[in-house]
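Participant: For reference, the chains in residue letters:
Protein chains: 2
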Amino acid sequence: MLKCQTCGRIYKNFKIICKCGGVLDYISEIGNNFDSLLKKEFLDVRRYLEFLPVKGGFLPKLILPITPVVKREINGIHVFFKLEYLMPSGSFKDRGTYVTIAKLKEAGIKEVTLDSSGNAALSLALFGKSEGIKTHIFIPAHTSEGKKQLLKFLGAEVHEIQGSRMKVHVMAREVKKGLYISHWYNPYFVEGTKVIAYETYEQIGNVDYVLTPVGSGSLFLGVYKGFKELKLLEKIKIPKMIAVQGKGYESLCERSKERSSLAEGIAIPEPPRKKQMTKVLTTTHGTCVSVGDREIKEALSELISMGFLVEPTSATVYAGFRKLLNEEYFEKGSNVLMPLTGSGLKNV
Amino acid sequence: MLKCQTCGRIYKNFKIICKCGGVLDYISEIGNNFDSLLKKEFLDVRRYLEFLPVKGGFLPKLILPITPVVKREINGIHVFFKLEYLMPSGSFKDRGTYVTIAKLKEAGIKEVTLDSSGNAALSLALFGKSEGIKTHIFIPAHTSEGKKQLLKFLGAEVHEIQGSRMKVHVMAREVKKGLYISHWYNPYFVEGTKVIAYETYEQIGNVDYVLTPVGSGSLFLGVYKGFKELKLLEKIKIPKMIAVQGKGYESLCERSKERSSLAEGIAIPEPPRKKQMTKVLTTTHGTCVSVGDREIKEALSELISMGFLVEPTSATVYAGFRKLLNEEYFEKGSNVLMPLTGSGLKNV
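Residue numbers (the numbering used here), protein chains in the order written: chain A, 49 to 396; chain B, 49 to 396.
So here's chain A without its partners, still in its complex pose:
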């Protein structure tokens, strides 16, 4: 069942945005034993099927891997990088798309619209293509030609909009080509990203801090939800959630005058789920940190040195980690989780 975070309305059937315009959350009903709910015959995302609001028959044919976790010791902190970029379309967005596509199939919806110029669009177009769901992608006109070509090649109808990212968003909602399923709102998207917490728990056990890049919050809120559900199952400690944002586009940290151009994937100054995120920061005693292009560049170079071929937005979390490390924010010997979100292969 879905519950509106603004007016409290309840929906039993498929819905993306509440009638009142508020964001919806899926209210999960989880059993009480993590281990017994695992589908151990699977070594991929289906291992965690019991925790997802989807029926097996509607799952997409394209399957997601369990992403590896790589450990590094940095200044007495146990750092765990989760390689979310090793996904079929090259980013963690496939997790949200995977569940969304299952729900679309269940609801019999065959035509959808999304506004995005980046990874979310590529992910939706790829899964849409393989499942026969028609996709309309609204993008800023200045998006790179290569990206447009790939989206078209994947059968997406590409709508180029002159103007800001916000203008693109408004147009996508107004034009109404198929159902609008923006990941800024989509409650099923978060159900997909929460699997990161389940996988991590099975891979390394307890985590003390999590850093994620925060734009619309679909990763931040998903990972938090996963840990919250795990707490009901296993009495784990919920980690401190740390939001990392790009300078100039902060929605949770104080807004900077400097503007990051490298953190393009999270340049969303007014996300609809802002209030929910603020609550997570308070509840988990987390924090928000924002980073600029110089810091992102340095972090990216260090990540690549460690063998992680990622894109600049992915490096924000490591830049944020470095910043907090300098401030001696982390307790010595603690476990810090950082999902690395997008592949750098696209930039070769």
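Hints may be right or wrong, so weigh each one.
No copy is singled out in the list; a pair is fine if it fits within one copy or between any two copies.
Said to hold, decoys possible - With a straight-line Cα cutoff of 25 Å, these simulated DSS-like cross-link-like pairs (lysine-lysine) come out:
no., residue 1, residue 2
1, Lys119, Lys380
2, Lys276, Lys323
3, Lys279, Lys380
4, Lys109, Lys380
5, Lys158, Lys119
6, Lys103, Lys119
7, Lys109, Lys345
8, Lys345, Lys195
9, Lys88, Lys279
10, Lys345, Lys177
11, Lys371, Lys327
12, Lys119, Lys153
13, Lys215, Lys323
14, Lys119, Lys371
15, Lys215, Lys67
16, Lys153, Lys200
17, Lys283, Lys88
18, Lys345, Lys182
19, Lys88, Lys119
20, Lys276, Lys60
I should point out that these hints are in silico values taken from the structure, not numbers from a laboratory. Predicted model, so just to flag it, every value in this text is computed and none were measured.
Here the structure of chain A is known, so what remains is to put chain B in place on it, guided by the hints.
Facilitator: Structure of chain B alone, referenced to chain A:
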């Protein structure tokens, strides 16, 4: 222990090529129960550590995922695509590099040379960078600027050679910058690719046919070796091994006059392990099929429609499958495995 396939010499220590110039094979000593040898606490490549000739302490820090297997029903055949392109450097080569790096670390070797212009070079440079091993990459001078830049960015010393791919190979062997570890010879590389068979067995059980692209044979021979070892452990049936080659560069099929330019990753007309491959074709009652650019293009387009963002060389197996399907080669209801080898994200 290593055994030369030409002169029969035995080596107990690290070695890439036999004194006589012949290819070496690692002779594995495997226990006798698959399930009990699995390290089930791991959901990544380390799950199969007991089957690898490496000690845990020398493993690379960068970890490989277990790649998903996606099932499709095609004309009454159960087709299983294994998504080998979801690897840290974007290709299956990381499997061979992973074991090779472990062996280099064990032997204390810190400087190596490889000739390749493609995925093997990128894989070695990436792991070399993250492990502090100096890499020399010999490539044809006409290699794309983007690829050269990335290799340099990863700290590789790039040696550009004027002339054919064979000239590049000869120069790499002669110049002797660090140890020459060509994957055409390297016996440890095959130990890495064999894990595909182990994973597949755990994921879907028995397989009747396997199609792989065949250039140097490091994938073809690795997968075969994995199934051969599994037979000792589990009494499985070894699948029929099908070699797929690019037209004009066939080493196992009859040489065509037409030359494929799309199958660039397997354009190796005289691989050192040719004799071994011929033997595998005979032993498993397999076959060889060669495909041209038109067939590869069609296959690539169909693969992308299924959600697999791969590069052209990866599509050769599906082109080969289509060809054999038309000839009614496969028994109805049989299980056909196709590893999809390299990411198409690089071409965005």
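Participant: Look at each hint and say if it fits the structure.
Facilitator: A quick look at each hint next to the structure:
no.	hint	verdict
1	Lys119 x Lys380	within (16 Å within a copy, 46 Å between copies)
2	Lys276 x Lys323	within (18 Å within a copy, 57 Å between copies)
3	Lys279 x Lys380	within (24 Å within a copy, 48 Å between copies)
4	Lys109 x Lys380	between (44 Å within a copy, 22 Å between copies)
5	Lys158 x Lys119	between (42 Å within a copy, 22 Å between copies)
6	Lys103 x Lys119	between (34 Å within a copy, 18 Å between copies)
7	Lys109 x Lys345	between (37 Å within a copy, 23 Å between copies)
8	Lys345 x Lys195	both (22 Å within a copy, 20 Å between copies)
9	Lys88 x Lys279	both (20 Å within a copy, 24 Å between copies)
10	Lys345 x Lys177	between (34 Å within a copy, 18 Å between copies)
11	Lys371 x Lys327	within (23 Å within a copy, 58 Å between copies)
12	Lys119 x Lys153	between (38 Å within a copy, 18 Å between copies)
13	Lys215 x Lys323	within (22 Å within a copy, 63 Å between copies)
14	Lys119 x Lys371	within (19 Å within a copy, 45 Å between copies)
15	Lys215 x Lys67	within (22 Å within a copy, 68 Å between copies)
16	Lys153 x Lys200	within (22 Å within a copy, 46 Å between copies)
17	Lys283 x Lys88	both (21 Å within a copy, 23 Å between copies)
18	Lys345 x Lys182	between (37 Å within a copy, 23 Å between copies)
19	Lys88 x Lys119	both (24 Å within a copy, 18 Å between copies)
20	Lys276 x Lys60	within (22 Å within a copy, 52 Å between copies)
The structure agrees with every numbered hint stated previously.
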